[in-house]
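J.: Okay, here's what each chain looks like letter by letter:
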Amino acid sequence: MKKGYLKNALIDLVEITSEELKHIFRDSGIMVLFIGAGLAYPILYGFVYRNEVLRNVPIAVVNESQTPLGREFVRKVNATPELQVAYKVNTLNEAKELFAKGKVQGIVLVPPTFSEDINKGKQARVFAYSNVATMLYYRAVFLAVNYVCLDMGKNIQVENLESKGLTARQAEVSAAPLLYEDHALYNPNSGFASFLLPAALILILQQTLVLGIGIAAGQAREENTYHQLIPYQRKYHGTMRIVFGKAFAYLVIYAFIGIYNLILVPHMFNLPHFLTLGAVVPLLLPFLLATIFFGMSISIFFWDREIPFLTYLVTSIPLLLLCGYSWPASNIHPFWKTISYFFPSTFGIQGFLKMNSMGATIHQIGPECIGLWLQAGVYFIFAFFVYRWQILQSEKKIKD
Amino acid sequence: MRISKSTGWKMVFIRELKRMVSRPVYVIITIVLPFIFLLFFGTFMREGMPERLPIGIIDHDYSTLSRNFIRQIDATQQTKCVSYYQQFSEARSAMQEGHIYGFIEFPSHMQKDIMAGHQPKVHFYYNQSYLVAGSLTLKNLSTMFNTLSGGVNLETRLARGQNEKESMGQIQPISPEIHAIGNPYTNYSIYLVNILLPAMLELMILLTTVYSIGIELKKSSSPKWLRYAGGSFFQALVGKMLPYTIIYSSMAVLYDVFLYKFMEFPLNNSIIWIFLASVLLVLTAQAIGIIMIGAFPTLKDSMNFAGLYGILAFSYSGLIYPIEGMPIFLQGLSLAFPIRFFFKIYQCVAINSFTPVYSIPNYLYMLVFLALPIIIWKRLRNAAIELNYPKI
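First to last, the sequence lines map onto chains A and B.
Each residue of the first sequence is one higher than the one before, counting from 0 in numbering that gives the first Met the number 0.
Each residue of the second sequence is one higher than the one before, counting from 0 in numbering that gives the first Met the number 0.
Only chain A is shown next, with the shape it has when bound in the complex (with noise of 0.2 Å):
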């Protein structure tokens, strides 16, 4: 009797799986969105965020201090890979209609006192101004600028002290009496797409995943003569077949797509990838299992396919930010970290920033991984009543 049942059960389940695959192959809709957004959109990327750096951001130099000081310090700002002097200009007024016309995206200004402040021993001043509409614009402004500074400042130092008569060390040593020495440890270039795929890549996963499954629920609620979930048939009455079944479906799909996403798109854009084929999956397993139960049970608002499109689609921004690699997490207000949680992709991402980007194994994401789980168990039972009701539905209208 028992043996007969799981058999049946076993039976059920596959048949459940391949019908639903076969519904996904044959609708063009969901193919366009896994194959297109699924696995084109992380080459897009790769390919839009390639260059990882911003270099030699135009500004114009406005040099009022035509002195070999002044030059030196043009130069050495022209010389950084930040920046790069596109426009020498005699006023101010100039480089800002240059910016306003948006040819240079900052301006530094070397005053008329320039040397002769250097010279007297009083400090000298430089100023820049710096668009800030984009905040890479600023950075690499305010990483040039400070370097030149600085370095030429500290020249200056040593050079003084030694025409008091210090020796070339003691001046040295007078100058910067500590030291200091930042290292990334992680993305040392700052790059950026080294910064932002990792976290695109998990989202993409879980939002045409979500998207898929939508569109899929929707589809058999327009073909259904009742407008549920699934028709009613003898064989569909075991609810667990259907969910456990519906699920299988999605996952194996997207073990695929997910170890692309993950393990293959990484190599191919030389992103950070610590994450190796075989530890991905402690990671990917309860990270799809959590989206796709997440999926199931939103379906019960999508009544038609376009819904989730119209009504979804637009969380992938915000979740961007909700996730906390971006925002950090530490500065993001209870509530919507509260909310954050509903969503897999906030472990997801976190778990796989961890991983692959900074070399954490599984046990130091544990967090992570239990957040995951949790929400697969909670979603499994949600997914779970969802058909379950959708079912007696059925039922119901069939009788009646």
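Source of the hints: derived by calculation from the structure; they are not laboratory data.
Among these hints, one or two may not hold up.
As a list, the in silico EDC-like pairs of lysine to aspartate or glutamate whose alpha-carbon atoms are at most 16 Å apart [claimed, not checked]:
#1 LYS102/A / GLU323/B
#2 LYS120/B / ASP181/A
#3 LYS79/B / GLU50/B
#4 LYS120/B / GLU222/A
#5 LYS138/B / GLU63/A
#6 LYS87/A / GLU63/A
#7 LYS218/B / ASP303/A
#8 LYS119/A / GLU385/B
#9 LYS218/B / ASP181/A
#10 LYS223/B / GLU385/B
#11 LYS120/B / ASP58/B
#12 LYS138/B / GLU50/B
In this text the structure is predicted, and so the values were computed from the model without any measurement.
Assemble the complex: chain A is given as a structure, and chain B must be docked to it using the hints.
T.: What follows is chain B alone, placed relative to chain A:
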């Protein structure tokens, strides 16, 4: 069925309004979601700058000097020393687990070595996987170290009998003054929300436009839609789009009022210029939506492409990563996104507050988008009349 005598865009307009109240989804996409966007972006980055970012300390020196340094670092707004570690591996592990964004390692005998002139070296490790938090902690810490090192330098000089003012000129001969135009405190809310919020609305409008037209094709109700317009496809389209134009334009203007009047984001020109750009953004999104459904008259395909395009628009605004930083062959694509021109207008008119004259070309570029539906005009009209497109 009662056939109305009068036809034209007004009849289509009324028909569309009736359709919109018939299903809750229309209320969700035109009213509810846009308000949720406002709530989210209006509150999410309310601090402006991430503060009190957690960092760790490894203090091998444990001297009065190192403790003094830690106190000074802790007193800054940007970073907060949250935990102490005995060794590097411990601190690194904490960083991998996301507890801290960086940590400082003070070498042993630091204080003694400074006195002896051995130039001890302090190390700071930070995490650029979190680019924003990593960069901010680095910026704060490197500034702090220059101050601390300068402080030691100053004390030595004062001990030698130099006066303070003279010493400052010696310690830091060149002092930079760097201004972030329009956003002096590099407030992230000002930086991002001005563009992200309209871009969210743009995505919503794009999808709504595709849906509102595509659903007529899908349900084969488009011949009826055209009958209401008296057979004129132009009037049919205008009547259909107008309710959304009105609702979304009002929403866009409301966003602007919220940002520039209520939140007081930088704007030294008349807000009319921003209103104009916002309404143009609404119209261009509708135009592109029409192009999408015209190019792929099957609703499911055009929804897909509108979605892919709408998400890509966030990258191609150039807000986060400048277009010039992209590979050359991908830079040209930015011309296909009205949000790119909107962003340029915003830079000129709002944050940098130059005279709007400089952005007139960008307003004109946006106008060009409104003419583009001509490309698919015939195809969409035929699809609507003859229903000659593949159905699901």
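J.: None of the hints should be skipped; say for each whether it holds.
T.: Status of the hints after comparison with the structure:
1. With a CA separation close to 12 Å, the supplied pair LYS102/A and GLU323/B stays within the 16 Å bound.
2. Among the hinted pairs, LYS120/B with ASP181/A is consistent with the structure: their alpha-carbon atoms are about 10 Å apart, no more than 16 Å.
3. Of the supplied pair hints, the one linking LYS79/B and GLU50/B holds, its CA atoms being roughly 8 Å apart against a limit of 16 Å.
4. Restraint check: the Cα-Cα separation between LYS120/B and GLU222/A comes to about 71 Å, which exceeds 16 Å; the hinted pair is violated.
5. Pair hint LYS138/B plus GLU63/A does not hold up; C-alpha atoms about 29 Å apart against a cutoff of 16 Å.
6. The hinted pair formed by LYS87/A and GLU63/A meets the criterion: a straight-line CA distance of about 11 Å does not exceed 16 Å.
7. The suggested pairing of LYS218/B with ASP303/A holds, with an alpha-carbon distance near 12 Å, which does not exceed 16 Å.
8. For the given pair, LYS119/A sits about 85 Å from GLU385/B by alpha-carbon distance, which is inconsistent with the 16 Å threshold.
9. Between LYS218/B and ASP181/A the alpha-carbon distance is near 63 Å, which puts this suggested pair outside the 16 Å criterion.
10. A C-alpha spacing of about 12 Å is found between LYS223/B and GLU385/B, which places the hinted pair at or below 16 Å, so the restraint holds.
11. For the hint pairing LYS120/B with ASP58/B, the CA-to-CA distance comes to about 13 Å; that is within 16 Å, so the pair holds.
12. With a CA separation close to 13 Å, the supplied pair LYS138/B and GLU50/B stays within the 16 Å bound.
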